[in-house]
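Novice: Going down the list, the sequences are from chains A and B. If you're matching positions, the first sequence starts at 1 in the numbering used here and goes up one per residue. If you're matching positions, the second sequence starts at 1001 in the numbering used here and goes up one per residue.
No lab work stands behind these hints, which were simulated from the structure alone. One or more hints might be untrue.
Claimed, not checked - Simulated coverage check for chain A against chain B, where a stretch passes if three residues somewhere in it have a Cβ under 8 Å from a Cβ of chain B: (1) 99-106; (2) 122-130; (3) 135-148.
Said to hold, decoys possible - Label pairs and their calculated CB-CB ranges: (4) A/Ala96 x B/Val1161: 45 to 51 Å; (5) A/Arg26 x B/Arg1203: 44 to 50 Å; (6) B/Asn1071 x A/Glu146: 26 to 32 Å.
Claimed, not checked - Computed far set for chain B versus chain A, every beta-carbon distance over 12 Å: (7) Cys1016; (8) Gly1028; (9) Phe1089; (10) Leu1090; (11) Gly1102; (12) Asp1271; (13) Phe1274; (14) Leu1347; (15) Leu1353.
Bear in mind that the values here come from a model prediction, so they are computed numbers and not experimental data. C-beta atoms are modelled at their ideal positions from N, C-alpha and C, and glycine is treated no differently.
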Amino acid sequence: MNAATNKVPVELKGLSTRFGATWVHRNIDLAVPVGEVVALVGGSGTGKTTLLRQMVGLLQPAEGEVRLFGEPLFAGSRAEQLARRRRFGMLFQQGALFSALNVFANVAFPLREFGVRDETMLRDLVLLKLAMVELGPEVALRMPAELSGGMIKRVALARALALEPELLLLDEPTAGLDPDRSAGFVRLIRALQKALGLTVILVTHDLDTLAALATRVAVLSEGRILAFAPLDEIMTVQDPFIERFFHSERSQAALARGRSEV
Amino acid sequence: MVLSGDWTLSVLNPRCVDIRRQLEAASGAPAWDLAGVSRLDSFGALLLWRAWGRRRPPQLVLPEALESVFNRLADLGDASLPVEPPYRFLDATAHLGRLLLGLVRHLGHFVVLLGQLLLDLLYLLRNREHWPLHEMSANFYKVGVKAMPVTALVGFLIGVVMSYLSALQLRAFGADTFIVNILGLGIIRELGPVLVSVLVAGRSGSAMTAQLGVMRVTEEIDALTTMGVSRYVRLVLPKVVALTLAMPLLTLWGSSVAIFGGMVSANVQLDMSFDYFLNALPRAVPAANLVIGLAKGAVFGLLIALVACHFGLRVKPNTESLSANTTASVVTSITVVILVDAVFAILTRTIGLPYR
């Protein structure tokens, strides 16, 4: 490990978000340690996805700052910003594959942008990434429109991992997948996280996913982080939201299911 | 061979060619020591793997942590991309055939669209409460009222240019007064409707196709169908009716502004007074031309809206199809307008032309 990777991958400092007149976040502080899988949970409209989008610079907070790998995202020259951006990958909720490009070209896209010119090298790398997400070479020439929902997520994950990022951000990784596929996808993410030593931040509603993946949980409620701790500790926190979210009968069943998958 | 340091994409890629050459030179070495490697990603591993001829060398010192990277490569084996068959002469024939069949399918869909619209119109005549009046008025505002500024601007400029160029020629022959005939006849009968149609096809036709297309992508059209609301009644008909009604008015507006532009230019260049121009206009241009111009406007509006909706409903749920259909919509509607304009020219050749 060199010095750069030891820095905190994501740090939010005094972050506040405002949409029009309403404050979504108020003075949020959060530091995600290296190698952790952090789940952001919270009710609808608590700005989980907003927070994720602020981390990657798609949205700007009204106040406060986001630090990636110890530096502000928009600090330094263009080349430095680009180098920073290549250290993380994001999996969007709908996959966000480029619909004009086939699967191969989608996964090869970040590599080509990075400057990998050697076509045989590129071919092997893309096939390797596809194999990592358990897809065979036969899907490589298909267009995104010809893929099922689960395959789209896998290809999008392969694309997010193309440049060997240290940080992976997942927006609702299992939304829209059936229970069987979503369990498979969770297993896949978990295996990749372990194999590649990734730091993962995910937003999810799905308690199965949460229990199976997250090493730490950040609970968002009323514009602030209510708690940031491993799941077992979260369960002991006395709070009406946590009570409703984690202790209902359905939640308990889902959490038990998720734990059994680990 | 003893390797050390970072073997990652960001470190290796800038010197990829150089490193590969060195690795190839060393590829025969039986013993490899990777104990000193601090970081190794799949790019670095792949470089080594290829130098080794896709198998592990006989003597390999590999730290535990790097084991998995090479296992993944070994699992990949000799996987290669499926090969697309080469292009043959028969494929060209098949391609041509597909194009023709595609055209036939287009015509088929267009006929279905027309038929469905007619059936829905009959239904609406019997069930008056189902008329989508709100949508019609909203569409009318969008394609008619909001198109007025751009139509006026373009019309005015074309009027000025036409008048300016004609005046230069006419003055050489001392035939100044014919500027009224040229502008009046040319703009009211021909240029006005075609010009406005091209503008509207680019402006409103493309918007209609894109709107229907995005509704297709976001499954809004399916939602409508599920609720038992006909897409033809709620989406297509208001657009078609609105554009058919708005186009004659836009044509009138565009032609008027163009003639005004010509009048201003004639006033500046030929010292022709506005009074004279306006008095001479009805004598030079029989009223039939105005009717032809407005009728053309209505027909062109109908065609543009139908073509736009036809392509909009063909959009498949992906962005590529959306852009292809929007392009096709604009190109087709402009082509159709010019073709139909030629038909108009032949059919009305005996009407409204003063000097024959």
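Novice: Over 12 Å to the closest beta carbon of chain A is the bar; see if B/Leu1347 clears it.
Specialist: B/Leu1347 clear of chain A: closest Cβ-Cβ about 44 Å, beyond 12 Å.
Novice: Taking the closest pair, is the beta carbon of B/Leu1353 still more than 12 Å from chain A?
Specialist: holds (51 Å)
Novice: Is it correct that the beta-carbon of B/Phe1089 has no partner in chain A closer than or equal to 12 Å?
Specialist: The assertion about B/Phe1089 holds, with a minimum of 23 Å to chain A.
Novice: Please check whether the beta-carbon of B/Asp1271 is more than 12 Å away from every beta-carbon in chain A.
Specialist: holds (58 Å)
Novice: Examine the region 135-148 of chain A for residues whose CB is less than 8 Å from any CB of chain B, and state whether their number is three or more.
Specialist: It holds, with 8 qualifying residues against the three required.
Novice: Would you say B/Gly1102 is clear of chain A, with no C-beta pair closer than or equal to 12 Å?
Specialist: holds (18 Å)
Novice: Find the nearest Cβ of chain A to the Cβ of B/Leu1090 and say whether that gap is larger than 12 Å.
Specialist: holds (21 Å)
Novice: If you check the beta carbons of A/Ala96 and B/Val1161, does the distance land in 45 to 51 Å?
Specialist: holds (47 Å)
Novice: How about the region 122-130 of chain A: do at least three of its residues have a C-beta closer than 8 Å to a C-beta of chain B?
Specialist: holds (count 6)
Novice: Would the non-interface assignment of B/Phe1274 survive a Cβ cutoff of 12 Å against chain A?
Specialist: holds (52 Å)
Novice: Minimum C-beta separation from B/Cys1016 to chain A exceeding 12 Å: can you confirm that?
Specialist: With a cut-off of 12 Å, B/Cys1016 comes too close to chain A, as the shortest Cβ separation is near 7 Å.
Novice: Return holds or violated for the Cβ distance of A/Arg26 and B/Arg1203 against the range 44 to 50 Å.
Specialist: holds (45 Å)
Of the numbered hints stated above, the single one contradicted by the structure is hint 7.
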